[in-house]
Each structure stands twice: as structure tokens, then as C-alpha cells.
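Participant: Residue numbers (the numbering used here), protein chains in the order written: chain L, -17 to 576; chain S, 2 to 521; chain B, 600 to 750.
Among the hints, erroneous ones may be present.
Stated by the list, open to error - In silico SDA-like cross-links for lysine to any residue, where the CA-CA straight-line distance does not exceed 25 Å: (1) S:Lys91 x B:Asp733; (2) L:Lys69 x L:Thr129; (3) S:Lys470 x B:Lys689; (4) S:Lys379 x B:Asp733; (5) L:Lys373 x L:Gln357; (6) S:Lys520 x L:Ala(-16); (7) S:Lys380 x B:Asp613; (8) S:Lys55 x B:Lys745; (9) L:Lys569 x B:Lys602; (10) L:Lys56 x S:Gln498; (11) B:Lys689 x S:Ser20; (12) L:Lys(-15) x S:Pro299; (13) S:Lys470 x B:Lys602; (14) S:Lys72 x B:Glu741; (15) B:Lys663 x S:Val270; (16) L:Lys270 x L:Lys526; (17) S:Lys224 x B:His620; (18) B:Lys738 x S:Leu76; (19) L:Lys436 x L:Asp450; (20) L:Lys569 x B:Glu641; (21) S:Lys304 x B:Pro610; (22) S:Lys234 x B:Cys605; (23) L:Lys(-15) x S:Pro176; (24) S:Lys297 x L:Val13; (25) L:Lys526 x L:Thr417; (26) S:Lys467 x B:Glu710; (27) S:Lys520 x S:Asn427; (28) S:Lys224 x S:Phe300; (29) S:Lys86 x S:Asp37; (30) L:Lys82 x L:Leu101; (31) L:Lys551 x L:His529; (32) S:Lys234 x B:Gln628; (33) B:Lys644 x S:Val270; (34) L:Lys270 x L:Gly447; (35) S:Lys245 x B:Asp613; (36) S:Lys297 x L:Ala(-16); (37) S:Lys470 x L:His158; (38) S:Lys55 x B:Gly749; (39) B:Lys612 x S:Phe300; (40) B:Lys703 x B:Glu740.
Keep in mind the hints are simulated off the structure, nothing from the lab.
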Amino acid sequence: MAKTVNVWLDGHHVEVPDTMTIIEAADKYGVHIPRLCYHPDLPPTANCGVCVVEVSGNPTPKRACCTPVAEGMKITTNSNKLRSYRKTLTEMILSHHDVKCPTCSANNKCELQSLANNLGVNPDALPNIMPNTPIDDSSLSIVRDVTKCIACGRCVTVCNEVQTVYALTFSDRGIHAHIDTAFSNGIANSPCVNCGQCTVYCPTGALRERNDLDGVWEAILDPTKHVVVQEAPAIRVSLAEEFGMELGTVTAKKMYAALRKIGFDAIMDTNFTADLTILEEGTECVTKLKSGSKRPLITSCSPGWIKFMETYYPDLADCVSTAKSPMSMFGVLAKTYYTQEHGLDPANIVSVAIMPCTAKKFEAARPELRDSGYQDTDFVLTTREFIRMIKEAGIDFKEIKEEDADEGMSFYTGAGTIFGATGGVMEAAIRSAYTLVTGEELEAIDIMAVRGLKGVKEATIPVPGFGDLRVVVAHGLSNARIVMDKIREGLATTGESPWHFVEIMACPGGCVGGGGQPYGNNMAMRARRGEGLYKEDRNLPIRKSHHNPEVTRIYERFLGSPNSPLAVKLLHTHYFERSVNTGQIIKEATHKHH
Amino acid sequence: MKYFRSHILIGINETSLNSGVNAFIQALRQELAKNDLQEEINVLETGPLGFFGKGICLTVYPENTNYENVKIDDLPELVSDHFLKGRPLKRLMLDASGKFDPKFNYEHRIVLRNSGIIDPESIEEYLGTGGYEAWEKALLQMQPMEIVEEVKASGLRGRGGAGFPAGLKWSFTAPLEAEQKYVVVNADEGEPGTFKDRLIMEGDPHQLLEGIMICARAIGATKAWIYIRGEYKLCINRLNLAIKQCHEFGILGTNIFDSGFDLDIEIKVGAGAYVCGEETALIESLEGNRGNPRWKPPFPGIKGLWQCPTVVNNVETLANVPYIIKNGSGEFKKYGTPECTGTKVFTILGDVAHPGLCEIDMGTTLRTIINEYAGGMKKGFKFKAALVGGAAGVILPDKMLDVKMDFASLNQYAAVLGSGAILVMNEHQSIVDMLWSILRFFRHESCGKCSPCRIGTQHLYALISKIRKGEGTIEEVELMLTTAETMQQTSFCALGQSPIMAIRSALENFKDEFIEITKK
Amino acid sequence: MYKEICNKYAPTKDNLIYILHDIQDTHPQHYISEEAVEVVSEYLKVPANHIFGVLTFYSMYSTKPRGTNIIRLCESPPCYIKGSDNILRKLKTMLSVNVGETTKDGAFTLELAACLGVCGNAPVMMVNDDVYGDLTEEKIEEIIGKIRGGN
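So that you can see chain L by itself, here it is in the shape it has in the complex (with noise of 0.2 Å):
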């Protein structure tokens, strides 16, 4: 249980409990302690030094981030020794890492450099000592520059403990330790599964996505290609911030108008495709429940999810739904449905998808993703990338006047904007499967349990005719294997899992909490964004997927039905087993599709 402590911050007598570390009681009251390797959603690693304060009765500071607050606490957030200390060891930091600032992915969002310019340290303080590390650009998604890296180990803390995905360690020691894939084989040799919440976390350029942008810009100025563009759910709620527009707004007109402005030829939305994702995973769902199978279903849309789940679980590979990922959906549909309906050649098509994700570059590179006859999707941009593009292309975000996007495969519900926040998946399912199930619609269509961000979400719908509909909810990985380890377990004792229907996304928040999005971001802003489309949500016309009219038109003219032998073909994939030591492919886990 937690007590109430006095403690004095600059001598401000607060209170606080006493659970909190002094940094998050001088937060709490608006007091800011400079900081480096400290991120409120991490346990602290305590590596840098620079939150160091003194605290009464000690003779030498002690640091902010992982001193718990004691009753009577004293603490000097400033003086001229800790600025010096600060300093000090700013400049030590400096001189171990390489100061490309301008050209450096992370420039303007890099915690070092501000911490730097807010001290005024003197960058030459000391002789640069970095040593000329290779870059790591083995993996399609993630690139790894240890020139920029401080150690300050977020990285690793969210790899190993919050994403259990257990590809970066430390490695050797004093000046010579750094970060690092076993043996040094590089991320694509290691169980990586492309999250990216390295990315997102890295207080410096050290870890960045894979820069695909040249190829792009490429694409776009080739007169004879015709580009099409798709966005996910999550980037129109995470441009707003990055342009001086309130946290969580929705811009998806302004991102369109952009778009154009930027020479993208068609300008479409993945939002769509996941309004036909619902359609196929539900129908595949019901399928499932309808035939009595005592194992789950568990959705497929998260490319991380999916590389961990080959990796880690792929006995349970056939109980992940065999649907594409919208993004995936999309890509072979712009080379097939799309090239009939406007008469081109798939060949001249473009494919480009702007997402919240580095593991998109990934999962679209996959083999396996060709049955238009082509790679499905050719480039993947994550939303820190668009946002380059923009401020290249000169286009003023905030101002810019609304437009629509192009007509056909743009169109979506509320079910498909919620696929951004973690439990929208589920929730859109839900709306749906009810009516795949009963015939019936249904009306309470909030499903409140599966929101918010609470890490495993459990909810139970009475589904008449059928029974109750048990759902589960994991995002973040250390969640999903909660979840799985559960269903594996339930599979080997009950012969049956505790669940029927199971959503996982890889990303804590789910994609608005994405590897690819903007720097800086912590949970609470991912909260932010997501209020954001849930809000999108509640104020659309049409809220249920099976509702959208450009669904059912392509069903019409194009595919048939849900699961139909034309949607099994284009719409639908299998799966693999890999290797925990390489992430490389030992076999197929489950049968080709077709």
C-alpha cells in the first residue's frame, strides 16, 4: 500500500506517494529535471546520469529517475555543481557519438540534441572518440547506426521486456559495450520481428526505419507509372502533431490534399481494406464457430504479430486467420480489381502504402505476397517518412484545404477507422459477425470493454443462436503472449481455448502506437491519437463494415463473396515456421492457400 510522503522539491513542500521515484513526483509538479535515457513508459535504466539531484543527507547526488521519494526528502533539482555535472556529462555523451545533426533522421526530435542546446555545452569539450561502426541496414525495416547510439538502453528494455522479442542485447563491456543482435549476424538474422517500438523509443537517430522515400519520389516523377497511394487508419491522427495542430485531430482530408498536391496519381485509403477485412476474417470467424472448432481465431493484420507468432508460436499457426492485412488486401486489389476498373496495365501500377509500421516494409517484401502476379505492394512509407515527403514537397500541412480522396477503393466506415487503436479490429468484428450469425443487427455497437489500453482485454457478447462469444484483446507482445500461452495451454489440457475470437496487435496502443510514428511519442499520447479515431468513429454515417457500399460493389463485380475462390486467392495467405536464434524460415506452418 502506498503512503503519503512529504518531500520538499526546490523547497516546495509537496506530497506524494511513496511508490514514486523523485523524477515522476518533480514531473507530477511541474518541476523538470533534465533527463536523457529516462521515458516515463520504460523502467528506468538509470545509464545516463544526467537527472542527477541532490537529496538531502546523501553526499553525492543520487539519480531522479530510480531514487524512490522517502519521507522528509530534501531535493535540489538545480545548483551550479549539478549543472556543471550535467554539462559534464552531456559533452562526454557527445563525444562518443556522431554529431551529423542535420542530416540525421532524428534532427529537430532528437532528446540529445535538445538536451545539448538547452545546456549550452561546449561540443568540443572533449575529442570525439566514436568509433566508425558499420551501419546495419540487413533488415528491410529497421536500420541500426551504433554512431548514433548513447546506450542508454530503451531499446533493449522494449525489446526484451515490453515486445519479448529478445533481438537487441548489450554486448562486451566498458567503452566498447553497445548494442547488438547476437553474434553480430544483424537485425535480419535475428528473431527482429520489424515492430520498430526501438525506433520509437530511440532518443537519437540510432535506430531508424528503412529510408524508402528516393524510390517513391522515383515512382511519382516516372510519367509512365501510375502511382496509387493507400493510408493506414493510424496516419490520419498523427499528422496533426507534427504540424502544430492539436494532439489526435483527424486530418484524413488534409492528408488527401496533400497527397495530390505531392503527384500521386490515384489517392485511395487502407481504411477500405479493412472495412473488407472485417468481411473476410468474420466470415472465416463464423465458419470457425458455426463448425463447433474448440480453437480460437486470432487476427492477422499486425506484421509484427505475425513474424512473432512464426517465430515463437507457430504450433498455433492455423488458428491465425488466413486473411491478408488490409495494407495487403489493398496492394493486390490496386493490381487487379483496380487496373480492370480503370483499364490499366498492372504492370505501369505502383503500389504505395503510407503506414504507422515499420514491419509493413517487411511483410510487403513477402514472397508469398504476389497473387496479383506482381509484388502486391511495392513501397511502404511509415508516417515519419510521409511526413518528410510533405515538408520536402514544401506543402503547408496546416493550411492546406480539404479534399477528398478518389472515389472506388477510398471509401470507409467507422468499423475501418478504428482498426488504428488496439480493440478496433474486435470491435468492428464484432459489429459484423453479429450479423453474420443472427441476421440481425446490432445496436449496442460501442464494445467499451475492448477499448482503452490496458494490456489484455476480456469481453463476453451474448450472441443469440449461438451463445456467449468470448473475446480476448493483447497489445504489445509481452501481451500476446500472455493470451497465447493461454490458448496453448488450454489447447493441451481442456482441448480448448479460453477464447473464440482473439485480436493481437504487436504495438502497445496498437497502430496509432505503431513502430513508424512520429518520434517522442509515449503512451499517453498514443491514447490521444486513439480517442482520435474512435471519435472519427461516432461521427461517420455508416459504422458497420458490412454497411460499406463499396464493399458490397466489389463483391458485386469483382469477387464474389466473403471467402469466395477468388477472395481465398487474392485476399488470403499462409503462414511459417521460423527460427528463434536467425528469424530466418525453417517450413511452412500452414498449407499454400490455393
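Got chain L; can you put chains S and B on it based on the hints?
Facilitator: Here is chains S and B on its own, set in the frame of chain L:
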């Protein structure tokens, strides 16, 4: 029992093993037999003899003559001269003058009282000295809190370096309700110039075990781990043997002496990391992790090994415990100073006449230690400075020779007793070189977890290397100091907080050398 | 072979350091391979990245093949002031290797070590499990020659 006229004690340690001591012993026995002395002269294999000679060293009792670097070829002459003719063989004696007796004249031996006297591989011999009586007393006649109080009353302070009162440490853990508590013995001796724990373990492993047992009983631990560095093979073997003997004698195991108390002791071997001498880094290493220190609080006494309450004590600290329990804290307090009671084992190295170890009262002056126990400076050399406390210690000039060697006295001079290592330098040796060597050590041993230490140790080493080559400036000397100061104030653990001591003491006392070398 | 070594120990993480010692000691090239780590990882249910982190932290482990005999010369202050740098030079020229390298014939790997705790006989080195103290350049020739001859 046989009566022997003389005993030949042969130190079995890594050096003598390398000099072929086993073959030597065989040859010695043959030589004695050849002269029909096998019933009169006893040959005893033992641990450290308390002095350092080259090769194979012997002490002959009761004459108390020390020989060094004895070879098989010397045996006929040695046996004939010493044991037949009764006159010591001068050319092999440690101190040919015969006046210097480093061992028994001035020392007060508590932890080393059996070293070099009993066979460390024989539990019977340990029992013969009254061994395990303290354990029996602690287990059958004392309540746990009484043990804690007795150790508290003794004033025993941790011998690993920081000097934290041992009884106080125990008193945090003893009253805690927990399913499991642990005793962890820090035998990861790595401070340069320190090997006292090795000698304690090699010379009298049972005494350490007895100390562990008493501590375990006091705090309510049923499991103890000895974390020992991988290089100390002989210690590992002797401790394993001693533990096995204890189980055979019912001294360890379940329901010991029908008391209902269970205890097991297990050895864990390190893999080479100085930082694991830090108690939380040691715990991390025991758990199978990188030896990065943990933040305190919580202290190990509350949450230690596998989050269970854990008392971590140094080997020498625990080795003092049987004496305290057996004889009472009052006896113990007769040694040392009121603030720092008992004795301390020092290792004296460098340019003294007789490098080695001695166990003497806390508070003995550096001058006395050098002159009385190490035989003064080596012939022809003058004292310049002593590195006291290892790499994490300070460089003391001659004006500090009268400083008392105990935790409290040294603290007054911003110095530390540390592990009790004394490295004596002669007037020809360079302080800059010494500092370079110390900073090279820190650079190598920083765990790399926290920025100040990881980056700072590298800068310090680079700066001193430049200065040493004559390419540095006096500003760079100052930069070294400010860097080390920031490290002292902001480093995560004692490792990064330590280099300032050597740097500051070097600059304060030998500034001229730095001015001289940066002028070039 | 690695599996057999693992089986000697309970499958708990705290045995990791022991198992790694055992694997390295029994390998003719005194190192811990990627393949070995994979076996240990599976046995202990400890991810390979953790084991790699541990492996590279402690100075006694090597991830690269080494010679039949490992020389570890102490370079700490007590050995340094007794001339360990001269001994290092001697070893380097005699063996034609730099620190961290293995002789062409695979007989010796030369490494530096922090204090070995045998400072009474500084300068000191260990060759495998054996300690050699009071080193001089002549003694080095003798020791190396003896080990070479013994092979």
C-alpha cells in the same frame, strides 16, 4: 600420536604447484627416508605460509626458519645441513641475516591463525583447533538475534573495501519474514594487489565455511553461495572438498546437530569481471546475467538474489565471525581501534624487502607495516609512494607514512583502506606511469552500463596516455580531474566513482611530475 | 556434445555461466560457438541474445576460436610496476602475435588479464589453468619452450 622433532610446512599454492611441488614433496620424503629421518621430521602440506618467496617455499617448525626457491637438487644439502647438522642453510633462507621474522613476532592472527599450520584439506585438523565450536554454539546455544547483536557489538566492519558494519547489515535482513533468504560470499577478489581472500580460502577453508554458517543462522538463510573468481582453482577445489567433508560430518545438510536448521553451501564460479566485486553486480552474475550493478535501494539485504533478502559479505569479514562468536565480542575488540575493531589482512607488494601478507591490528601505521612487517624497503631503494587500496585507492606520499591504516583514519584523508592492498613504489618510479596503469585498469573493467563511467574511463585513459608520452598539456591534466569529478558524482556504482581518488592524490602530492612531463 | 554438457546442470538460468565455462573448457579451441549458444538457449529456455550479452561481458569467454594454450598476462598495477610490459613485448615477439591473436600453428593465444590475485609473485601470467610468477624474459622462453616441447 607420533612425536616429531620438526615439522616442515610446505606452502601449496599456484606458484609452488607450478614449480613442481608434488614431485618435490616426494623427493623430500625420499631424502628424509634416506637419512632415516622419516620418523622424526614431519612433512606437512599446507596453505599460504605468510610470506612470498619465489618457487617452492618451506617453513620449518619449531625453529621457524623460512626457505624460498628450494629445488629438488637442493634437498641433500638442506636435509643434511638443517636436519642432521642442525644449522639452517643460509643460502636458501628468506632473510639470510636471520633477524627478520615476518610472521609471528608482531602479528595478531585471527583469520590466518591456522594458515600455514594445519592441513587445509583436513577437517579433522580444523576440528582439532577448536573448529566448528562457534558454529555449534551459534546453532544450539544462541538465538539468531543474539548472534546479530554479538557481531554488532564486536564492531566488525566489512573487509571488502567499504567498511560497512557487518552486524548492522545482518540486522536489516534478520527480522524480515521471507520464504527464502540467502548468504552470498563475495570471493570475487579482483582489486589489483589484493589476494588476501585467496590465502584465507586456501589456508583455512573451513573457517570461512564456519563464518558462513553462523551468518546463515543469524539471518535465517538456508542456502549460501560462494561467488569465487574462476582463476582461483585451488580455492575452488579446497572449498568443495571442505563442503563435502562438512556434509560427511553432519555439519552441513538437513537438521544440523538435531537443531532443525538446514543449510547448504554452494560454489559459483565467476568468469572474469572486476565489477562483480560490487555486491549487486555479483548478484546479477549469480543469476546468470551480465554483471551490471543494480540501483540501490532496494538494498540486497531487502531484495537481493532472486529478489530474496540476501546478505553479501566478503570472505575476510565472514572468516572473523567464528572467532567473535567463540570468544565473544569483547575479545575481538581488544584488537584494532575503538572505531575499527579487530585485525586486518594486508598484502604488501612492490619494492619492500619482504613482499607478502600480514594480519595486524586495525590502525597500525603504514610506516610500521612497511618497516616491521615487510622488512623495510628493498636494499638500495627509497620510499616514494604507496598505492593503498588497489586501483580504487589512493597514492600516499612519504608525509602520509604515519597515517593509521583503518577505515575511519583513512577516510579523513579522502583515502580508503579498501581491500588492504599496499603497493610500494621506489623513488625511481614514475607516478604518471602508475596512474596510467591504474586508468588502463578502469578502462578495461568498466562494465559500460552508465555513460559517465563507460565514456569517462576511456577519456581518462586517452588523456593519461597522451600525457605520459609527453604530448599532453597541463590543461589536459585539469580536464582529467574535472572528468573524474563528474564521474565520481554521477556514476552508477563505486567503479566509476573511484578513479578520482588516484588522480586527485597523484596530482595533490606529485603535481611536479605532471608539470614536468607536460612541459616537453 | 553441447547437449551432453548442458545435461550435467539443472536447466536454470543461474547455471548459464557454469555451462559456458564447461563448453569452453572442453572445446579444443577454447571458445563458445554460435551453435553452442543455440543448444544452451534451447536447454535453459534463455534467449540467445541474452547469452551473447553474457558471453561478451566476461573476459574469460571467447566467441572466436583460440589456440591450444591461452596465455593471460596480468597488466594490473602491481604487475605493471614489476615490468609486465617488457614481458608482453617478449611474448609478442616470441610468438609473433598481437594481443588477442593466435599463433599461426594454433598453439598459443595471447591475452591480457586484470589482476590474477597472485601479486606476490608479480609479474604473473596464467597459461590455461597454471600460474607462472616472477616472470623474466628468460623465464618466458623457458615456459613457452617447455609447453611447445610438451605438445
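Participant: Hints numbered earlier in the text: which of these fail when held up against the supplied structure?
Facilitator: Violated hints: 5, 6, 7 and 13; rest satisfied.
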